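Visitor: Listed below are the residues making up each chain.
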Amino acid sequence: MNFDFTAEAPKLMMLLYGVIAFAAVVGLLLLVLDVLPARKDRWIALGLLAPAGLLLLVGLVVPAIRTMVLAFMNADSSEFVGLENFRWMFTDKNSGMLPDFSTTPVQYGVLLSTLLWVLLVPTVSTAVGLVYAVMVDRSRFESFAKSLVFMPMAISFVGAGIIWKFVYEYRQEGADQIGLLNQIVVWFGGTPQQWLLDGPWNTLFLIVVLVWIQAGFAMVVLSAAIKAIPADIVEAAHIDGVTPWQMFWRVTIPSIRPALVVVLVTISIGTLKVFDIVRTMTGGQFGTSVVANEMYTYSFRADEKGKGAALAVLLFLFVIPIVIYQVRLMRRRRLEGAR
Amino acid sequence: MASNRQRRLLAFSGAVVMALTVAACGGESDNTANDKLDTPECAAYKDYTGIAGETVTIYSPIRDAEAGLLEQAWKPFADCTGVKIEYEGSGEFEAQLKVRVEGGDAPDLAFIPQPGLLEFFAKGGKLKAAGDKTKTMATQNFSPDWLKYGTVNGTLYGAPLGANVKSFVWYSPSLFKEKGWTVPTTWDEMIQLSDKMVAAKIKPWCAGIGSQDATGWPATDWIEDVLLREQGPDVYDQWVTHAIPFNDPKIVAATDRVGSILKNENYVNGGIGGVKSIATTTFQDGGLPVVQKKCGMHRQASFYANQWPKGTKVAQDGDAFAFYLPPIDPAKGKPVLGGGEFVGAFSDSAAVQSVQTYLASPDFANSRAKLNNWISANKGLDVANVSNPIDKVAVGILQDSGAVFRFDGSDLMPAAVGANSFWKGMTNWINGTDTKATLDFIEGTWPK
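For the protein sequence lines, the chains are W and P, in the order given.
Residue numbers for the first sequence follow the working numbering, so the first one is 1 and each next one is one higher.
Residue numbers for the second sequence follow the working numbering, so the first one is 1001 and each next one is one higher.
Nothing false has been slipped in among the hints.
Here are the in silico distance ranges between beta carbons for each label pair: (1) P:Ala-1315 / W:Asp-176: 23 to 31 Å; (2) W:Leu-12 / P:Thr-1312: 42 to 50 Å; (3) P:Lys-1370 / W:Gly-18: 42 to 50 Å; (4) P:Glu-1102 / W:Val-26: 25 to 33 Å.
Calculated pairs, BS3-like style, for lysine-lysine (alpha carbon to alpha carbon, straight line, at most 30 Å): (5) P:Lys-1436 / P:Lys-1250; (6) P:Lys-1036 / W:Lys-11; (7) P:Lys-1332 / P:Lys-1196; (8) P:Lys-1250 / W:Lys-93; (9) P:Lys-1313 / P:Lys-1379; (10) P:Lys-1201 / P:Lys-1179; (11) P:Lys-1128 / P:Lys-1084; (12) P:Lys-1177 / P:Lys-1310; (13) P:Lys-1179 / P:Lys-1263; (14) P:Lys-1436 / W:Lys-93; (15) P:Lys-1334 / P:Lys-1179; (16) P:Lys-1379 / P:Lys-1332; (17) W:Lys-165 / P:Lys-1294; (18) P:Lys-1448 / W:Lys-93; (19) W:Lys-93 / P:Lys-1263; (20) W:Lys-11 / P:Lys-1084; (21) W:Lys-11 / P:Lys-1126; (22) P:Lys-1263 / P:Lys-1196; (23) P:Lys-1310 / W:Lys-165; (24) P:Lys-1379 / P:Lys-1036; (25) P:Lys-1448 / P:Lys-1128; (26) P:Lys-1293 / P:Lys-1310; (27) P:Lys-1036 / P:Lys-1084; (28) W:Lys-165 / P:Lys-1293; (29) P:Lys-1148 / P:Lys-1250; (30) P:Lys-1075 / W:Lys-11; (31) W:Lys-165 / P:Lys-1263; (32) P:Lys-1128 / W:Lys-11.
Derived by calculation from the structure, the hints in this document are not laboratory data.
Small disclaimer: the values here were computed from a predicted structure and weren't measured.
All residues carry an ideal CB built from backbone N, CA and C; glycine is no exception.
Please model the complete structure; the sequences and the hints are all you need to start from.
Guide: Following this line, the structure appears as structure tokens:
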């Protein structure tokens, strides 16, 4: 793989044009705003917001509305079918969304798996990150210990999926195990297992991967929050003869609550979108599928655009409460800050 | 107001730059690239004129080593005509092609291995009908049976490229020789042989159906092959077009017969594990125990020849070879299940049509076949250019007008079934779901 600049020249030129066009648009905008007469401030605000607003409209608002319309249409978007796609989702057992305990193996369903992800990943990641942050705080190896946990953050989800797929790899009993987990099991005298095959455990094994990635994020944010706790509070607590346990629950946790909430909310939203890990490791087979994976499968592989769009809308509905909570929190904090 | 002048200056320079950009954009149209069509070694390509300097992009599911061989095969053509072929292979071709086409980023040509997908794009008005030259080239070189699969509503959209014959069972000739086993010629003989292997403490069958997001497809091939043998091509066609339901008793019978092998703990999964290990083993790894002599037989297409480890001798007296999956009912003839890619065009420029025509020509078929491990249903393909013994057998089957040829059924069904629920259903079936529940599920997902 050698990078040939002459071969890439068209792309680089395109990039250059893009940058120049951007500068030109901004320049033109400023020029126009400058020569405009009266009520300048309002025009300037409008003019400066317009490019961002336009891009948001084209890239976010229009596709979102289009997806919502598609959710009420049939597979090839040629006619409206009302709530049919949602009826299919929640009543047709072939949709695989709801648990079905009559089958062998038991189908836990996409909704239940997704719920498991959303409940476990934010809480476990935050808990692990918090405990780790508290434990390494002001220790001698703090920065080294932190970078160890933070490093998985730098790996893409697909990369992490591939790595962990190898960790879970299975070879039959007696053969050389190439998966780390099974090798450990064999060392302790156990029989190798197919970790990714049987529900509901396989979903838990996938969840471990995301926790592994997100714990680093939680740890860094919470560690910074812990360091920001005013020294006088900590000192006062020490003078009052606080035990480490009391210190943690009565001083640290209340002081870093805003940071905790931000971490939980951010990871929750990220988890709802989880797709890469599931797709890389199991392809959504063996009952490990989640809403985002189903959405992609129906939209782009099965020619069922209506169902795919309906799944996207469902995902959107799941995210809304979290977003509302976060917005309200932010607003309240701004009010407190203003006081 | 001092900043006012500065701002005006900045704005002015911005506008000037934009004007320059527009001027620069219009300035490059003359192409200096030349073809070499007058040279003697390029005589074969003399008809492909006037495409020098053009670029044709190809998107395909063929990757890695096989992709390199494709590029090597059309290199003489590209060098002579001066056309630049940009090839890109993807492991998620089926899904990504749709994303790209819908996003307005369609490749010029795509090697589409699923007639259903080709039909989807053709009906959606995305594919361009094959040009006259391509059409002439295609009809000269391919049988109507094959062209039928590249034709939608009477219009030819793509000529076939490569082909594969799926009705093969791989085995280790040296192991067979060692144990005194012979290649079975009927289904019953094959089952008797399986029992002999069990008695000799060798698991007779191995399989793997893992294939990223396409996990499950090798099991669908099993069902198709057995159905074609039990019921013949007519029932097969009815099943593919949904003239009979997916959970028809005939399909149940065929699936159960496959189950008598794939879901039989005594028979599988040689060298890998139990029945369920079929679901987690990739199809690439599924047959490897054959050369390790830990597994007796592996049903997989001719293209599995590319999967054997380096140094494996693929020959009748070597480490790995394949026999034709024997018929069940002699009255149903010798059915052959197969597949192939079709070269569809999303653009109709002269260069794209030339490349499309060239890819349908015997020139290309022979050029690629010489590089090993590749065959085509192209009638102009000279068997002498095929070095691999298994490919020779396959070419013989493809060029024989007597055999009953049928395209891989899951590639012909609607994508909601053929590229989703059939795969998913078969994966669950391997993982323990019974035949009836599996087929009922797939029937329930057939688009109404």
